[in-house]
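Enquirer: Given the sequences, and given the hints that come with them, work out the whole structure.
Line order of the protein sequences matches chains A and B. 758 is the number of the first residue of the first sequence in the working numbering; add one for each residue after it. 758 is the number of the first residue of the second sequence in the working numbering; add one for each residue after it.
Treat the hints loosely; a few may be bogus.
One copy or two, either will do: identical chains are not told apart, so a pair holds if it fits within one copy or between any two.
Claimed, not checked - Here are the simulated SDA-like pairs of lysine to any residue, each with C-alpha atoms no more than 20 Å apart in a straight line:
# : residue 1 : residue 2
1 : K887      : E982
2 : K887      : A954
3 : K887      : R761
4 : K887      : E764
5 : K887      : V855
Honestly, the hints are just simulated from the structure, not real lab data.
Residues per chain are reported as follows:
Protein chains: 2
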Amino acid sequence: MDPRVREHAETLVDWSARIDPGDDVVLSVGEGAHDLAVAVAEALGEREANLLATYDSGEVSRAYISSYEGTFEDDPAFELALYERADSVLSLGGSRNVSATADVPGDRRQAYSRSRQGIREARLDTDWVKTVHPTRALAQRAGMAYEAYQDFVYGAVLRDWESLAEEMSQLKDILDAGSEVRLRKDADGTDLTMSIAGRTAINSAASVAYDSHNLPSGEVFTAPEATEGVVHFDVPMTVQGRTVRDVRLEFEDGAVIDWAAGAGEDAITEVIETDDGARRVGELGIGMNRGIDRPTDSILFDEKMAGTVHLALGRAYSDCLPDGESGNESTVHVDLLTDMRASGTELLVDDEVVQRDGVFRWEDR
Amino acid sequence: MDPRVREHAETLVDWSARIDPGDDVVLSVGEGAHDLAVAVAEALGEREANLLATYDSGEVSRAYISSYEGTFEDDPAFELALYERADSVLSLGGSRNVSATADVPGDRRQAYSRSRQGIREARLDTDWVKTVHPTRALAQRAGMAYEAYQDFVYGAVLRDWESLAEEMSQLKDILDAGSEVRLRKDADGTDLTMSIAGRTAINSAASVAYDSHNLPSGEVFTAPEATEGVVHFDVPMTVQGRTVRDVRLEFEDGAVIDWAAGAGEDAITEVIETDDGARRVGELGIGMNRGIDRPTDSILFDEKMAGTVHLALGRAYSDCLPDGESGNESTVHVDLLTDMRASGTELLVDDEVVQRDGVFRWEDR
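Expert: So, in structure tokens, the structure goes:
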């Protein structure tokens, strides 16, 4: 076995999920994640945790959801009981075909998802962590050779998380103390302001100890409001199954009033017209993982890329909000990325430059 | 997809497990059973059952059990809760390497198994069914080409179960009414008698409706006692991981008093010396599945082969015993097979011939 698979498993179990002896751990194994599952099982055994492996297969889901014609039962009791008693859920993505469920009608998919609200909440109440094992299908989506993609994934996952967490805490402190964020890019006319007064930033350091549930992670994010101005997103993404490129949004009084895209404009229109919250920004995230050096059409990686900033239309993460306050409660959350590494680009907090041309003020140029 | 995979799935869901709408179904997916899992998921969706897929991997188990050095926790609550609430557990075997756990120390394996007694009982309290998807590893163990092995598996699984169940009920009636079974084989000197007075035979017709939990099945079995005489087992088997051939057992007062084997005698000795029940016969089974025409070193198939009879040393199946009576409670249950298709071979019940040279008295010669 590639020794990096074992390191990945150990990072997941120790740094990310903080597994203790006796923990009840559900291990969700993607179709192509077998090797990582073996390594994680070994690490869980060493730590004397309890293990139940579930099988997460796009093809199994497609067959089940497509053939089920009636009303899905809400939160089947046996599955709910499992997750209500679990301490951790470790999800090992690793698709063998990222289009495995492409022909499942959207309304069936949504109906299935809606019927599992309680199960989803029970999973989110655990120390859950989501990671991914590199497969050929994911390499293909990234437009990369398999071996190069493996190097990419381990470059992103096997970081010195402790020191990155420390670096990210600087940015969190700036955002927590600040009132207004401004993004400027001379190259494309981006000039956007958002209020972050009273909001709490998350230092997403790939560990439940930091309230961070992705491996890799490496972003600091918060929940802004009152967005004003124009922003241009130049990193290509897949949104609602379609490729989206060069998205331009114009905001007034916190809401999108005009939009355009070089490709996939209909997908953006669909998102914006979902509900009222979908017209508003729910997240501002700042990528800080220097192991991620290119977009790979996977939000788990893309949004953490050092030198990028992303905004999400839709739902806000509640931990960013003041206690008892409800933020953007849209049913969607769609991230869009902009590359900050062009000359004449600035990220400002309360008019002070925090990052210029993709380099933070505490970094060497 | 091979249409036989879909037929297999439908047989499993409808004939074997009798799945109803709303049933909570755990689908245990072996490493190599993905295609059958997809077909079963489709069938479960059509029947509007609830589905949770678990991953049954020898390599994951090996990694976990081998690396766990402490005392396994008894029946972890999250897993027990799942099975206590499940209506059915469908286990899809399909190994990619039947030796995947060969180097797990026996004492670790047993300790793990002992810690899961409550979970095992909860699974056995459901409408559980065990079946197998043909894999190359299983073909290899059978000494068969992959395509030929697929034909073999579907020949065994895709039977007219209703008519086989009717035929088997004739044999069940004879055994239920009978007091003594005698096996005779001129060719090898087998002459064995057993008491079946007061015992109930199981018509194992591959359906929970018949208290039968294997697909394929196709045997009638009961729990004899007071075995006397000599029996020769000429079908090769794997016992305790070793190949065993030409086993000869001699019984007196119900217990083995002498034994020998052409190969694997040490494995037989280990079995017999396990405990007191291991010296006694716990099961007499009569194979009636004509789709199974050869041994394939898999007890799921071998013991149902038409024209064979098997005896198990060790534990008896409690449903064969009079209410409240405890039978053979050995910790082992090791099946040994003899081929009844040689000339001069008879199966008699109360001195009446039920089968001669492998042909039942109601069959055409």
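Enquirer: Which hints, by number, does the structure contradict?
Expert: Numbers 1 and 2 - these are the hints that the structure violates, sorted from lowest upward.
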